[in-house]
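Full structure from sequences and hints, please.
Quick note: to get the working numbering, add 770 to the position in the sequence shown (first position is 1).
Source of the hints: derived by calculation from the structure; they are not laboratory data. Check the hints yourself; a few may be wrong.
Taking lysine to any residue and the SDA-like style, the derived pairs with C-alpha atoms no more than 25 Å apart in a straight line are [stated by the list, open to error]: (1) Lys776 <-> Gly825; (2) Lys908 <-> Tyr860; (3) Lys864 <-> Gln807; (4) Lys909 <-> Gly926; (5) Lys891 <-> Ile859; (6) Lys864 <-> Arg811; (7) Lys908 <-> Asp858; (8) Lys776 <-> Gly837; (9) Lys909 <-> Gly935; (10) Lys869 <-> Leu777; (11) Lys864 <-> Ala902; (12) Lys891 <-> Gly916; (13) Lys864 <-> Gly916; (14) Lys891 <-> Arg919; (15) Lys886 <-> Gly911; (16) Lys886 <-> Ala848; (17) Lys864 <-> Asn792; (18) Lys776 <-> Gly870; (19) Lys776 <-> Arg813; (20) Lys908 <-> Asp930; (21) Lys909 <-> Glu796; (22) Lys908 <-> Thr942; (23) Lys908 <-> Glu796; (24) Lys886 <-> Gly825; (25) Lys886 <-> Tyr805; (26) Lys776 <-> Tyr805.
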Amino acid sequence: MGDLVKLRAMEPSDADALWRWNHDPEVMRWMNDNYAQPLTRVRAFLQERPANDYGDVLLGIEAIADGRLVGLVRLHGAEPETGNADLDIYLGEKDCWGKGYATDAVRRACRYGFDKMRLHKITLTVVADNHAARQVYKKVGFVEEGRLREVFRRDGRWYDKYTMGLLEGELT
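Okay, here's the thing in structure tokens:
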């Protein structure tokens, strides 16, 4: 594994960073963004959010070097009957892009999913033009399993998405 990040539970005090990231067009470029929310709503979301459990685990990505929250990762939709979960991740601190933080965070989240949650498979979708994210996923061992045609809209253009999957023995 890497030594750039650690994963931890999200706290209500993380609301300011989350609000800032969600209002940054560069950070949100390849993600489905919701309607703008006031900071008080983001604080309430983190305060009222149910505790992490098998079906939905939301974790902050913290830089080991300085203890700063730099992003978040989520394993959700997990069901013990199938051993599958979906992965979402993003780095909100742009000075951490391209430096291995995302790769380290994805590896750690997948290791958590396979070891702690006893998952068999982790899946995700990624916009086809999001080359940086696709490289991270491939580096960790995810395999492209399919293509969803024109399902993501940004700046008046439709983009395809790939579905990718990682089985527990494939994590690199």
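Each hint tested on the structure:
| no. | hint | verdict |
| --- | --- | --- |
| 1 | Lys776 <-> Gly825 | holds (21 Å) |
| 2 | Lys908 <-> Tyr860 | holds (16 Å) |
| 3 | Lys864 <-> Gln807 | holds (21 Å) |
| 4 | Lys909 <-> Gly926 | violated (31 Å) |
| 5 | Lys891 <-> Ile859 | holds (16 Å) |
| 6 | Lys864 <-> Arg811 | holds (24 Å) |
| 7 | Lys908 <-> Asp858 | holds (15 Å) |
| 8 | Lys776 <-> Gly837 | holds (9 Å) |
| 9 | Lys909 <-> Gly935 | holds (13 Å) |
| 10 | Lys869 <-> Leu777 | holds (17 Å) |
| 11 | Lys864 <-> Ala902 | holds (13 Å) |
| 12 | Lys891 <-> Gly916 | holds (15 Å) |
| 13 | Lys864 <-> Gly916 | violated (29 Å) |
| 14 | Lys891 <-> Arg919 | holds (23 Å) |
| 15 | Lys886 <-> Gly911 | holds (19 Å) |
| 16 | Lys886 <-> Ala848 | holds (12 Å) |
| 17 | Lys864 <-> Asn792 | holds (13 Å) |
| 18 | Lys776 <-> Gly870 | holds (13 Å) |
| 19 | Lys776 <-> Arg813 | holds (22 Å) |
| 20 | Lys908 <-> Asp930 | holds (18 Å) |
| 21 | Lys909 <-> Glu796 | holds (23 Å) |
| 22 | Lys908 <-> Thr942 | holds (9 Å) |
| 23 | Lys908 <-> Glu796 | holds (22 Å) |
| 24 | Lys886 <-> Gly825 | holds (13 Å) |
| 25 | Lys886 <-> Tyr805 | violated (34 Å) |
| 26 | Lys776 <-> Tyr805 | violated (30 Å) |
In summary, the structure is inconsistent with hints 4, 13, 25, 26 from the numbered list given earlier, while agreeing with the others.
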